[in-house]
Every structure is written in structure tokens, then in C-alpha cells.
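The primary structure of each chain is shown beneath.
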Amino acid sequence: MLSCRGLRKDYVTERGEVAAVAGIDLDVAAGRYTAIIGRSGSGKSSLMAMIGGLSRPSQGQVTVDGTDIWGLCENDLAAFRNRRIGFVFQFASLLPTLRLVDNVALPAMLHRDRARSAIYSRAASLLAQMGLGDHLDAYPSEVSAGEQRRAVIARALINEPALILADEPTSDLDEQTEIEIMDELLAVNRERGTTLILVTHNLALAGQAERIVHIAHGVIVA
Amino acid sequence: MRLLASLALQNLGRRKARSLLLIAAVAVASGVVFTGATLMRSIDQSMAVGFTRLGADMMVVPDGALTNITAALLTVEPTDLVLDQDLFTNAKLAAVGRAAPQKIARVEHSGIGSHHESADLIGFDPALDFTVRPWLVEKLNRDMRPGDVILGAAREAPLGSELLIFGKPHIVYGRLGRTGVGTHERGAFMSFGTLDALAPSVHGHGGGPPAALQKGKVSGFLVELAPGATPLQARFSILSTLKGVKVVTGDSTMSGIRQGLSALLDGIMALMVLMFASTALMVSVLFSAIVTERRGELGLLKAIGARRGQVVGMMVTEAVIATGAGGALGVVLGILVMRLYERSLVYWLENVGVPFLWLDTPRMIAVAAGAIVLASTIGALGALYPAWRASRRDPYDLVRGEG
Ligand SMILES: Nc1ncnc2c1ncn2[C@@H]1O[C@H](COP(=O)(O)OP(=O)(O)OP(=O)(O)O)[C@@H](O)[C@H]1O
Ligand SMILES: [Mg+2]
Numbered sequence: 001m002l003s004c005r006g007l008r009k010d011y012v013t014e015r016g017e018v019a020a021v022a023g024i025d026l027d028v029a030a031g032r033y034t035a036i037i038g039r040s041g042s043g044k045s046s047l048m049a050m051i052g053g054l055s056r057p058s059q060g061q062v063t064v065d066g067t068d069i070w071g072l073c074e075n076d077l078a079a080f081r082n083r084r085i086g087f088v089f090q091f092a093s094l095l096p097t098l099r100l101v102d103n104v105a106l107p108a109m110l111h112r113d114r115a116r117s118a119i120y121s122r123a124a125s126l127l128a129q130m131g132l133g134d135h136l137d138a139y140p141s142e143v144s145a146g147e148q149r150r151a152v153i154a155r156a157l158i159n160e161p162a163l164i165l166a167d168e169p170t171s172d173l174d175e176q177t178e179i180e181i182m183d184e185l186l187a188v189n190r191e192r193g194t195t196l197i198l199v200t201h202n203l204a205l206a207g208q209a210e211r212i213v214h215i216a217h218g219v220i221v222a
Numbered sequence: 001m002r003l004l005a006s007l008a009l010q011n012l013g014r015r016k017a018r019s020l021l022l023i024a025a026v027a028v029a030s031g032v033v034f035t036g037a038t039l040m041r042s043i044d045q046s047m048a049v050g051f052t053r054l055g056a057d058m059m060v061v062p063d064g065a066l067t068n069i070t071a072a073l074l075t076v077e078p079t080d081l082v083l084d085q086d087l088f089t090n091a092k093l094a095a096v097g098r099a100a101p102q103k104i105a106r107v108e109h110s111g112i113g114s115h116h117e118s119a120d121l122i123g124f125d126p127a128l129d130f131t132v133r134p135w136l137v138e139k140l141n142r143d144m145r146p147g148d149v150i151l152g153a154a155r156e157a158p159l160g161s162e163l164l165i166f167g168k169p170h171i172v173y174g175r176l177g178r179t180g181v182g183t184h185e186r187g188a189f190m191s192f193g194t195l196d197a198l199a200p201s202v203h204g205h206g207g208g209p210p211a212a213l214q215k216g217k218v219s220g221f222l223v224e225l226a227p228g229a230t231p232l233q234a235r236f237s238i239l240s241t242l243k244g245v246k247v248v249t250g251d252s253t254m255s256g257i258r259q260g261l262s263a264l265l266d267g268i269m270a271l272m273v274l275m276f277a278s279t280a281l282m283v284s285v286l287f288s289a290i291v292t293e294r295r296g297e298l299g300l301l302k303a304i305g306a307r308r309g310q311v312v313g314m315m316v317t318e319a320v321i322a323t324g325a326g327g328a329l330g331v332v333l334g335i336l337v338m339r340l341y342e343r344s345l346v347y348w349l350e351n352v353g354v355p356f357l358w359l360d361t362p363r364m365i366a367v368a369a370g371a372i373v374l375a376s377t378i379g380a381l382g383a384l385y386p387a388w389r390a391s392r393r394d395p396y397d398l399v400r401g402e403g
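Note that the protein sequences, when read in sequence, are chains A and B. Residues in the first sequence are numbered from 1 upward in steps of one, following our numbering. Residues in the second sequence are numbered from 1 upward in steps of one, following our numbering.
Keep in mind the hints are simulated off the structure, nothing from the lab. Small disclaimer: the values here were computed from a predicted structure and weren't measured. Built from N, CA and C at the ideal position, the CB exists for glycine as well. Keep in mind that the hints are not guaranteed to be accurate.
[Claimed, not checked] Below, a sample of chain B positions facing chain A; criterion: calculated Cβ distance under 8 angstroms:
{"no.": "1", "residue": "7"}
{"no.": "2", "residue": "196"}
{"no.": "3", "residue": "395"}
[Said to hold, decoys possible] Derived DEER-like restraints, expressed as beta-carbon distance ranges:
{"no.": "4", "chain 1": "B", "residue 1": "28", "chain 2": "A", "residue 2": "66", "range": "53 to 61 angstroms"}
{"no.": "5", "chain 1": "B", "residue 1": "271", "chain 2": "A", "residue 2": "83", "range": "52 to 60 angstroms"}
{"no.": "6", "chain 1": "A", "residue 1": "11", "chain 2": "B", "residue 2": "293", "range": "20 to 28 angstroms"}
{"no.": "7", "chain 1": "A", "residue 1": "174", "chain 2": "B", "residue 2": "2", "range": "33 to 41 angstroms"}
In isolation and in its complexed conformation, chain A is listed as follows:
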């Protein structure tokens, strides 16, 4: 379902060009759980951003379900991010002025094809699934970091994406919370058949994956 060919990302800095991703070919079959590991600065986040339509590759192609996503026009790419991808960032990524339920409903509200009430009831049930049923009306600043991350996962699921990209979703959380959140993601992968690509430092978490991709200096080494 996902195929990357000759993917490169070069950043221009004052000290010259940095090749964050230096030529990656990667294929992921639908419904699989793939873990990406590698040292800090090896290019994992840059790769994820290119796959998720967030960062234009310097070279190469990303094809998702037959669509060359970087060949799409602006609005189609926005729709692709919205419909097909659920992105869970490395850091807090909720809008602070919106309640949790609004944050979760937001992607569906941006490209609206359902009634508002349907969207909101789905947002509420996703939050309830994540154990946040009592915090629908809470603002992000009123809940813990772990709860925020669960809300982000709920938001990633609102449009039933084909691919979830989770970039170290639990690195800043305690071990118990990390396990709980990973369970949620794995449950989505198993029960809904959503393809999951997870970046992690935690080798135990990576060990549960069907495939482990090891990246060093912008290339796949194993």
C-alpha cells in the first residue's frame, strides 16, 4: 500500500547541505505494523514527514495506494492528508483554544462530508475508547500529557485513515502510560486493519512489530 522510491531530503543550512534522508526505498503492505528505529538524527522524522505528505522530498517518490502523493496539487494533497493519513507527532499537537472533542472532530470538520452531529458523536466515542469519556469538554491544558497523546490518537482516527504514522508518540511519557498508548495503537492496527508505521527508541515496542526498519545516517541499514 505504501511504496517509497529513491527518497531523499536535503536541508540547506549555514554549514552546507545536510542529507537527512539519503536515498530510501521502502515498501509496506496494507495492514502491517512496521517499526522504524535508529539513533537520534538518523532521519526518521524526516522520512515520516515525507510519507505523510507533510514535507516535500528533495528527490524520489512516495506512492500510497497507487497515488504519487507529491504529484498531487495543493488541495488534493491536503485532502490526502486529511482522509488517508493519521499523524501522531513527537510532541503535543492539539490546538489549545479547542476542547478535546473539538480537536478530535477538527479533521472531519475541515473536509466535511457528514453532519456535524455525526462527527461529534464519533469524536466522543473515540475519546471514550481512549478512556477520555469524562474529558470531552476539557481543554488540552487541563489534561495530562498522556491524555493529550490519547486525544491525538483519537483525532488521527476520526477520518478512518488507511495509514497511521506515529513518530515517537510515547517517548516523553512514563512507562505505564507508554504501554497503554501502544496498546491502543496496536489494537487499531489489529482490529481495524489500519497500516501502522511507528518510530520508536524503545526496542521492546519495536520487537512486537512484523517488520523492523533500522535507519542510520539517512539510509536503511537493516
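Starting from the known structure of chain A, fit chain B with the ligands onto it as the hints suggest.
Only chain B with the ligands this time, still in chain A's reference frame:
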């Protein structure tokens, strides 16, 4: 879209102090623009009436004629000396804009007023007149016809009623406002044709009709300067070209007021342009900063699938709400200030001879709407560019906080 509008509104609520400052700054600017525009249009409109009411810049009368200088150069004084009616038409003086001929005869036993009262019969050429009809405060709802007379403010006869002058029926066509000159207020004004028809009934000192009532002769001319010409230039060119005339200038402060007021209006205009420019600048600087501050959130919105138009729309909506509110507040403040200073303003203007008329409500509303639209446009334009630039970037760069 309602969601983006409410996001914009919430964003304004996050930095209340900053939003309020922005609103206040826009309110001051749009208040000045609104007040300035209202005053300008009011004064403009008043001046159009006022300056014509001020009458002429100068009078040209036969040399040796007695003159009674009033602030309102409205008519010449009755005299036995006359000038040719086509004096100015033939001379074509560059410094003279308009020259309106008038005939004046002071008569007794005319049937106007009480038996022994004398009254001025004043003839004017409706095609050239610019000093008599601007004073009309009421008139019949039709054009002037032969046999119509306009009465001075002191005459009581109702509009449309029949008035016998030397036994001949005339219709009261209109009435002038108070000019402050007694002879005008008791006079009867009519076209040359109407006055000519009366001439045989009027007896001057020598028994025959007064000289001014002869065909082709007039008592004098009321002169308006050509645009840009000075009274001195006009006086010189009249005296050097026309023989046997005397030039009488009105109260010289009147021309001074005309210039003073237009300088004031120019000042208001310059201030408005300056306010507009500096507000636009401030709003765009502020919104560049706001966009930079919110880069991460904009990136996030893009990452979850917001289209560029939606991201730009949200920022522009935010700006339009703030500046539109500022604009509305400015209009309210402007109205309050004008109400507060209405008395002194109107007093001052009337003091210098400009009757002040407020803009009518529909025009006032139009000016207010204009000020609010202008303010929101400034906001929209100020936010548009930084928002558009940010929206072009990859969401990942925005989220990471890169340049
Ligand atoms: N916008 C940028 N400009 C310049 N260099 C960048 C930029 N983004 C990333 N880099 C560089 O590219 C390399 C890869 O960065 P990336 O964030 O992809 O690594 P990562 O594997 O996700 O690291 P971490 O595990 O710490 O998140 C790093 O050396 C980083 O310094
Ligand atoms: Mg990373």
C-alpha cells in the same frame, strides 16, 4: 466556514490585551477617518450653500454711485446712474468668473407694504443670477415665470398668493432668508422681464421711469472671481478695461475664510491618509508577528488536512473581526465626539459665515459603513500577505518552527 470563524474568534480571545490594543488603534484611526469624512462632506455641502450665500466677491457700479457695503453682497444699491447691460459680455475679462447684472428701483405707493413705505424693486437675470436665489428658503414647486416675484424675509404674503404691484397682479413665487440687510428684507425680486413690464408705472424724480428701468441699462453687476484670480487682478482688469465704473469689494475676510476652510479640509484629508497608511502598516506588522507566533498551529492545521485557503481564511477572518470591531467602535466614538462638540463647531462655523448643515442620515450611514469597510479591508490586507506566505510552506517546516 463557521468552524474557522470560531477558531479565529477564540484566537483573538487568547491575547485579550493585544486584541484590545489592536481594536483600540483601529478605532482611533477609523474614528478620525469617519469624523473627518463626515465633517468634510458636511462642510463641503454647507460651503456649496454658504459661499453662494456669501454673495459676490465684488460689485461693479457706475462711478459716483453710492454703495452700501454689507457682508452679503447680494444686490447693488438704487441709484440714478446706470451701466450697459452687456458691459461684461462684451469685455470678456479673464479674472471675472460670473457677472450678474441687476436693476434696482426704490419706489413708493407700489402696493407692497403700507402706503408710504418705500420698497426696492430688484430685477435680476435668472440665467446669470448667483446671489439672489441661493437665499431662497421657500418657493413654489415650479420654475420661475414672468409675473413671479420673490419677497424679502420681512414680507408676509403667502407663497402662491396674488400680489398687486402698481395695480398689476403678480404671484408670490418664493421668499428669501434673513440677509441682515433691511432693504433686501423688504424688497421684491423679479426677472428683468417682469420688472420691464412694470417700468411704465414707476415714476422717478423727473417724472419718467428711473434710469435703471430703461431697456439695456442696469444699476450694476455682482461679480464672482474666476477660480485662481485674486481680487486685485480682477479690480485692475475691470478698471483698465471698463470706463466709468467703480469696483466695490465686500468684506475681505470672506475670501480669507474660503481659503482658510479649504486649507483646513486639506489638513483633515492629509491626516486621514496618514492615519490610513500607518494603521495599515501597523496591522500588517502585527499580523506578521501573529503568524510567526502561530506557525506551529498553522502547520498542524495543514498537517491534519486544512487547505491553504482555510488557513489563510482563518487568519484573515481573525484580522477582519478585530479591525471591523475597531472600525465600528471608531464610528461610535466619532459620533460621540461630534455630538459633544457639535455646539462649538456649528457656532464657530456660523461665526465665520458658513451655515453648517449636518449630513443627512442616509449619507452619514454610508460614510460610517465606508469607515468600517475600510478598517476591515486594512485588516484583511494586513493579514493576507503573511498568512499566504506561511500557508505556502510545508506543514512539517511550520510545525518544527523553521523560518
Ligand atoms: N529543518 C531542518 N533544517 C536543517 N536540518 C534539519 C532539519 N530537520 C532535520 N534536520 C537534520 O536532519 C537530520 C535528521 O533529522 P530528523 O528529525 O529526521 O531525525 P530523527 O531521526 O527524527 O531524530 P530524533 O530521533 O531525534 O527525532 C538531523 O541531523 C537534523 O539535524
Ligand atoms: Mg524525530
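Hints not upheld, ascending by number: Of the numbered hints, just 2 does not hold.
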